[in-house]
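*Asks:* Chains as they are written, first to last, in my numbering: chain P, 54 to 543; chain D, 11 to 423.
Since the hints were made in silico from the structure, they are not lab data.
Idealized CB from N, CA, C, for every residue including glycine.
A partial selection of chain P residues facing chain D, derived with a Cβ cut-off under 8 angstroms:
(1) Leu91
(2) Ser97
(3) Gly99
(4) Met100
(5) Pro101
(6) Ser102
(7) Val106
(8) Leu378
(9) Arg420
(10) Asn422
(11) Asp424
(12) Asn455
(13) Trp534
(14) Ala536
(15) Gly540
(16) Asp541
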Amino acid sequence: MKKQIFNNSFGARPVVVALLLLAIVLTSCLFESDDNGLESWLSSQGMPSSYKVQTLSINDLKVASAEVFLDTLPKSADNRAVFGHASNLTHDLFVDMAFVPDSSFIRKLNESDTSGAFMYFFWLRPFYMAKKFPSDSLPYKEEMNVSIEWKLDASTSGGFIDSIMRITDAGWYESLTEWKPDASADTVFNMHVAAGDTLIRLQLPTALVDSLKKIKGSAHLQLRFSAPEAKHEYRFYGDETYYPPIFSLYSDSTTFISFNPFRMANVVRNEEECLECLVLHGGVYDSLVVELPSERILKALSEFYGDDFPYTKGDKNDVRQTVVLAQLTMARDDSKGSNEFGYPIQVVVGSYVDSADGQIRRMENYRLNDDLILEDGHQNLVFHKGDSLSLQLTYGMRDFLNKASDGRSMKFIMRLGYPFLQEKDTTYSDYVKTWKDTIKTAKGDSIVSRKDTVSLFFSYLDYARYDFTESFEKPMTLKLWLASKRGDEE
Amino acid sequence: MKKIVLALCAFVGFSCASMIGMDALGEEQVLGGTASAAGRGFAGNAKTGDAEGLSVVNPARLAFDAKVVFNLNFLVEMDAAEKGGNHYTSTNLSLPSFNLSFPMNEFGALGLSLWQHYSSSFKEDYANSKTMSDVEIEYKGSVYELVPSYAIRLPFWRSLSLGASAHVVMGNTSRQLTLGGNTSDLPKEDAWASSKSKISDYVDGTWEIKDHPAYYTAALQYRGPMVSYFFSFTTGYTLKNTLDYNFRFSEIDTLASTRYVREIDVPALLATGINYRLNKRHNIMVDFLWRAWDDDIENLAGGWNLPQTTKTQKDFMISLGYQCDGSPLFYESYWKRINYRVGTWYRNWYIKDVFEVGGSLGGGFPLGRKGTTVDLAVQGGKRFADIDNQWDETFIGLRVGLTGIATWGMERR
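Using the sequences and the accompanying hints, generate a full structural model.
*Replies:* Given below as structure tokens:
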């Protein structure tokens, strides 16, 4: 029976194949698509084949409010430590140490009349030796008044060191906000930083050494270095690096003990005279929070579309249109600021937007206007050619228009970012030059060789300051690029 | 349970090829879209037999089945839409239904069907730099029904059976229209800002019946020595489609969506059919389905120039079919054991001024002695759309049904 089935099946096969081929030929003739068939179909459905971009400029806009926030809480200096003064900010350096000196060493220390103590700090050489560091600014030389304060605890208890180690970093930072030293001493230090230098050595006060002579058992020493009159901000390696600071206590030139701090912190002190001024500082946790007046923006949109703004139907979330790009342009006067390196500094922007059930600060994307960049450079920079600053606020404006019915305002923050090295370059990323070329920087034309890396930013923040007070008093322009779902009849 | 069913549906990628009415409900798969029904022009709901299986418009037929039937259907369809000299062709693979029927002799019969009642599926893209066209369009919509059925022959009149089924509705729908920017109206100095931005107009939502867990079908079937016929009534119901409209820049970068609920009043369905047995194995059958839509259907719409509603009409289908039953004897010639089918139909869609004529050829091919069958149906026809925004469609399709037949509780001889 099976044989019969197979015979029948195979006998029919050529006919089936021929029929299939015929069907394919007929089908391919019948079922064809035109090049623009889909576009025609979309059009007949009332759908577009692209969205039309429209622009709306809202001129003479003044901010509804602006306020500067500077975080002066202690921050870790375990990796990078700074010390000195710049841009009306003083950076104090705290060092936390614990050690168990040998009793015979303490006896020698007490018996010696040549005893003393040093603190060695290693320069952050990658910074001072960086190709883009303005080497002509070195050497730094100054007679620097340094205030050194200390807290010294000692105990013969076996668990003393362990009890110090149990203090969390956060707990220690918090304790520094209520710092009450046991003693202090002012000293003058001849600060000198030249290219290629490795470290500096600070002589610690005799009073501190005298206190150390009295310790029995284990010691907990906390030091604060402060130089509010320093001419520069000095940068060192922190304790968690290969080059941690060294504390050295000696009785004579051959007898000493040395150890490293196990924790370090920096504290910023704001010494701006005008605390209400809208001054942004670089290198610190500093932000300028700005609110734009919602009424002006919504009224302009209402006039533009002929619809009511904000949207109040249903759940009131407005999806009738969206913002493709938003750009706020304001006046800029670089004489109202100062910086360390002479490079332009990028102003970075973040907006407050909805996310899940809450609100987050979302850093804004930056879209490049290639033609303008090649002609006049990036427009989100301070300390460069021109008298205006353009900031892109796309995410914030999208969110604002989407949820404006709840009465919110358009709110964003500004901060000073990294020094910018590609002033008129549209690449906007690090890249390797494949040919010898000239690139335009804020300091003039710079020749780069083949295989040179062209970086987008200088890797170190500039302790700069910029006063936006006058810029914010002048009218601004908000320009929106919009996409709308409104049909032709609307 | 719903999640499992939805996951299963998503896995198999239910879809249909027609581009008509995708903003309304999409294409309707009549009668569960089985390959065996399609082969005889969607007629034959009145035809009884040992293993005819479940009919979603005639649950009463199930009572006459003697064997357990599991049935899985596939459809490959190619559609050529045409209007004003423009053509567009699409091809799609879909899985219109699973059906399981379980006869229990004097206790009646149980059945379960997972049926994709309405669907819209479409995904294409097009770009033309001259016209600044840059578009990707994707529709994914399915109204599924999970249909448990029960049927029993009357103890005092064994030729008559009663059947009922509940249609639990679920599913989802989405439309994503991704567009590139058209900066042709902008001054050159402003064009930079949006030249690379793609935006998706996105809407998605879920289906359910308003205020009820299901809608229901009741049916009466008579089986005579030569003539069998059935009547069924399916209740009307309101479909509720909860939709979220949105602009998307990426999957994770969206606006807060706005919610809207559209409600679609689906009218009651009357169905009847007759099967006349000419000779021992020759059957001629005629079926008729009828619904009177009162209200227009609110579309997905949501902006642009999309029409807000789809006008409806009296929706009916008349189908005429023939089937030559294959021999049940396994030692007969293979060609004699095949079920041969042919049929034709005329169908007024639920969309105003859209109607369809079609024809089909089919066969049921037994595989081995154990009762497994492959049903094949080749169908073709044309949908005529005499309205502005819909195109005529010529379609050709192949349906494949895999049917497993077993004699539960009975020893094979």
